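Whole structure, please, built from the sequences with the hints as guidance.
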Amino acid sequence: MADYLVIVESPAKAKTIEKYLGKKYKVKASMGHLRDLPKSQMGVDTENNYEPRYITIRGKGSILKELKQAAKKVKKVYLAADPDREGEAIAWHLANSLNLDLEDDLRVVFNEITRDAVKESFKHPRKLDMDLVNAQQARRVLDRLVGYNISPVLWKKVKKGLSAGRVQSIALKLIIDREHEVNKFVPEEYWTIDGQFIKGKKQFQANFYGLNGKKKELKDSDDVKEIVDQIKSKDFVVDKVTKKERKRNPAAPFTTSSLQQEAARKLNFKTRKTMMIAQQLYEGIAIGRSGTVGLITYMRTDSTRISDTAIEAAKTFIGETYGEEYLRTEARKDKKQKGAQEAHEAVRPSRLDKSPTEIKKYLSRDQFRLYKLIWERFIASQMAPAVLDTMRVDLSNNNVNFRANGSKIKFNGFMKVYVEGSDDGTDEKENILPDMKEGETVKSVTVDPRQHFTQPPPRYTEARLVKTLEEIGIGRPSTYAPTLDTIQRRNYVTLDNKRFMPTELGEIVYGLIAEYFPEIIDVTFTATMEDKLDAVEHGKMEWIRVIDEFYQPFEKEIQKAEAEMEKIVIEDEPAGIDCELCGKPMVIKMGRYGKFMACSGFPDCRNTKAIVKEIGVMCPKCKEGQVIERKSKKNRIFYGCDRYPACEYVSWDRPIERPCPKCNEHTLVVKKLKKGNQITCTSCDYKEQEQQ
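Sequential numbering of the sequence shown, starting at 1, is according to the UniProt record's numbering.
In case anyone wonders, no lab produced these hints; they're calculated from the structure.
Certain hints may be false.
As the list claims (entries may be wrong) - Heads up, simulated DSBU-like pairs for lysine-lysine below, C-alpha to C-alpha not over 35 Å straight-line:
{"no.": "1", "residue 1": "K361", "residue 2": "K26"}
{"no.": "2", "residue 1": "K127", "residue 2": "K60"}
{"no.": "3", "residue 1": "K201", "residue 2": "K613"}
Said to hold, decoys possible - Beta-carbon label-pair distances, calculated as ranges:
{"no.": "4", "residue 1": "F411", "residue 2": "L211", "range": "35 to 41 Å"}
{"no.": "5", "residue 1": "V523", "residue 2": "K567", "range": "37 to 43 Å"}
{"no.": "6", "residue 1": "R272", "residue 2": "P187", "range": "31 to 37 Å"}
{"no.": "7", "residue 1": "P645", "residue 2": "D522", "range": "50 to 56 Å"}
{"no.": "8", "residue 1": "F185", "residue 2": "R272", "range": "30 to 36 Å"}
{"no.": "9", "residue 1": "Q196", "residue 2": "G616", "range": "36 to 42 Å"}
{"no.": "10", "residue 1": "K567", "residue 2": "F596", "range": "21 to 27 Å"}
{"no.": "11", "residue 1": "M130", "residue 2": "P645", "range": "56 to 62 Å"}
{"no.": "12", "residue 1": "Q196", "residue 2": "K243", "range": "51 to 57 Å"}
{"no.": "13", "residue 1": "K240", "residue 2": "D194", "range": "41 to 47 Å"}
A quick note: this is a predicted structure, and the numbers were derived from the prediction, not measured.
Every residue, glycine too, gets a C-beta built ideally from N, C-alpha and C.
And the structure:
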């Protein structure tokens with residue numbers, strides 16, 4: 001019989017911890033929250049200090065009963081939920097449900113699930129931190145007051161199933177504002193002149209810089225002609241050679257936000273997928289004879305702090321693996337995120353003796369890729385800076401100036417392990433220039449004027465949106481993934497080529513919120529609210545006061561919206577075809593999962609059809625049907641025959657309407673690759689690069 005009961009959130013976490021604690025401890029899982037506000041009503045008493053009415057979540061009654069029975073059989077109960085606001089709230093709800101003494105030291109926390117960390121945490125149990133609980137409670141009540149007041153208004157005035165929330169409304173605002181910028185953008189013409197030069201046998205590129213040593217912009221073809229006419233020969237004089245040594249420091253170890261961004265850039269993971277896999281790595285993976293092992297520290301954090309123990313372990317690993325010259329000699333000085341919880345650590349590997357390569361066979365493909373990313377980022381963050389030799393060369397011909405920039409890696413340092421990705425997909429590359437001296441002459445091979453047009457600001461990717469929300473102080477580590485998921489599920493936005501675009505419904509909802517609830521989409525107001533919640537967490541503000549200051553004016557806005565907001569009818573769009581069942585015109589309707597076709601004779605005729613997009617290619621399998629664009633359950637585009645199920649042709653790659661030049665079969669498809677798309681034949685080994 002166990003002497004102590006430990007309650008965590010998940011079975012995986014329970015299994016890992018129980019192995020470390022021994023026979024005196026029984027570890028059980030609560031399966032997340034056991035109590036919450038009711039779904040069918042607001043559950044907040046606005047007349048009585050915003051008292052929340054918590055109920056046992058439907059389906060969790062049997063779990064609660066089991067935990068109560070287990071608690072009666074032990075000397076003491078420990079609550080070991082995750083080390084953040086939500087984890088503290090789960091522990092508080094458990095303590096209340098199990099009638100535990102709130103003055104008892106029953107709370108244990110650890111940032112990593114390793115034997116040493118878990119055992120050490122049980123030597124220092126503490127009381128529940130009510131400031132943390134109240135901060136989470138305030139967030140939950142605040143979001144409930146917003147959602148359960150605005151959403152019914154939207155249901156009445158627009159359509160059922162809509163919702164509005166603090167963070168999701170700001171995310172929607174950013175996406176819509178960016179779309180308006182793109183639509184209003186007027187391209188401006190500009191020109192560049194790219195030159196190819198030769199010194200000895202080595203060619204290099206230099207670009208037009210200016211005239212008489214002063215930078216000049218080329219706005220049109222007349223400017224370009226004037227410059228080209230001024231160049232009198234192929235001989236250019238080397239006016240100045242500037243050589244410098246530059247250090248490049250490694251990126252900081254991951255926070256939740258930077259992990260989501262980098263996983264999107266390098267692994268093409270959505271934020272929700274990143275967090276789901278990170279949770280698995282944190283809670284524990286079965287690693288052969290080692291049993292279940294927690295592989296990373298807690299993944300919801302806005303801190304880049306690393307424990308002294310982990311730093312020393314990293315130094316030992318780097319010195320033994322790469323050599324002493326790769327060791328960092330100065331302590332990192334990372335900029336602290338506003339409101340960051342410095343009690344937490346960055347996301348890092350919890351065990352350096354479990355390298356990604358060694359345990360790859362125990363991990364799924366996606367687990368391995370994310371673990372490798374976290375591992376390499378952490379190791380690189382503790383390595384020496386890279387050293388680059390840079391070279392700038394200024395050339396001239398009849399007072400026309402060209403400039404060449406080159407760099408060479410002198411010492412790769414942290415770059416031997418990992419280099420941070422970028423939002424535009426470009427990485428720093430070596431560009432080695434030939435050795436040149438001032439006064440020498442080099443010859444031009446080509447001088448190539450090129451016309452360009454300025455581009456609109458890029459639409460948001462998931463990574464860029466998370467980064468922007470973090471920069472403006474909206475939301476916290478745990479909120480980004482559900483926020484992005486919600487605005488997509490509500491069909492307020494869609495992803496086109498991995499970039500967010502607002503839907504008509506999203507524009508309507510945003511317009512109403514902006515008109516009647518301006519504070520909800522006010523960035524400064526929402527960021528200030530986050531600061532107030534942080535103040536509650538640190539015991540500097542009372543949560544009831546924070547809620548009351550928001551709700552008093554908000555309640556008046558709700559009353560005004562209910563009285564003045566006009567009902568909006570989203571007109572059905574004609575589909576251009578008639579219903580094959582009753583002959584009435586089909587119309588395009590907006591549903592929960594996007595647009596679809598339905599009979600205008602509803603409810604007498606309930607015929608519906610998916611909207612299909614023909615790509616102008618005959619099915620290469622049956623030679624009768626047309627290939628149409630479809631979407632999988634995960635919203636991924638694929639191609640299939642419109643005669644399905646009679647013809648089961650399907651392809652992730654887009655077919656094209658021409659025969660293969662090698663085997664003459666109509667089985668050419670376009671494969672999307674990172675470095676340009678490729679046309680391949682599915683019947684033979686023919687390949688070619690697609691012309692852009």
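Structure-based check of each hint:
{"no.": "1", "hint": "K361 - K26", "verdict": "30 Å, holds"}
{"no.": "2", "hint": "K127 - K60", "verdict": "25 Å, holds"}
{"no.": "3", "hint": "K201 - K613", "verdict": "54 Å, violated"}
{"no.": "4", "hint": "F411 - L211: 35 to 41 Å", "verdict": "38 Å, holds"}
{"no.": "5", "hint": "V523 - K567: 37 to 43 Å", "verdict": "29 Å, violated"}
{"no.": "6", "hint": "R272 - P187: 31 to 37 Å", "verdict": "36 Å, holds"}
{"no.": "7", "hint": "P645 - D522: 50 to 56 Å", "verdict": "52 Å, holds"}
{"no.": "8", "hint": "F185 - R272: 30 to 36 Å", "verdict": "31 Å, holds"}
{"no.": "9", "hint": "Q196 - G616: 36 to 42 Å", "verdict": "41 Å, holds"}
{"no.": "10", "hint": "K567 - F596: 21 to 27 Å", "verdict": "23 Å, holds"}
{"no.": "11", "hint": "M130 - P645: 56 to 62 Å", "verdict": "60 Å, holds"}
{"no.": "12", "hint": "Q196 - K243: 51 to 57 Å", "verdict": "22 Å, violated"}
{"no.": "13", "hint": "K240 - D194: 41 to 47 Å", "verdict": "20 Å, violated"}
Going through the hint list in order, the structure does not satisfy hints 3, 5, 12 and 13.
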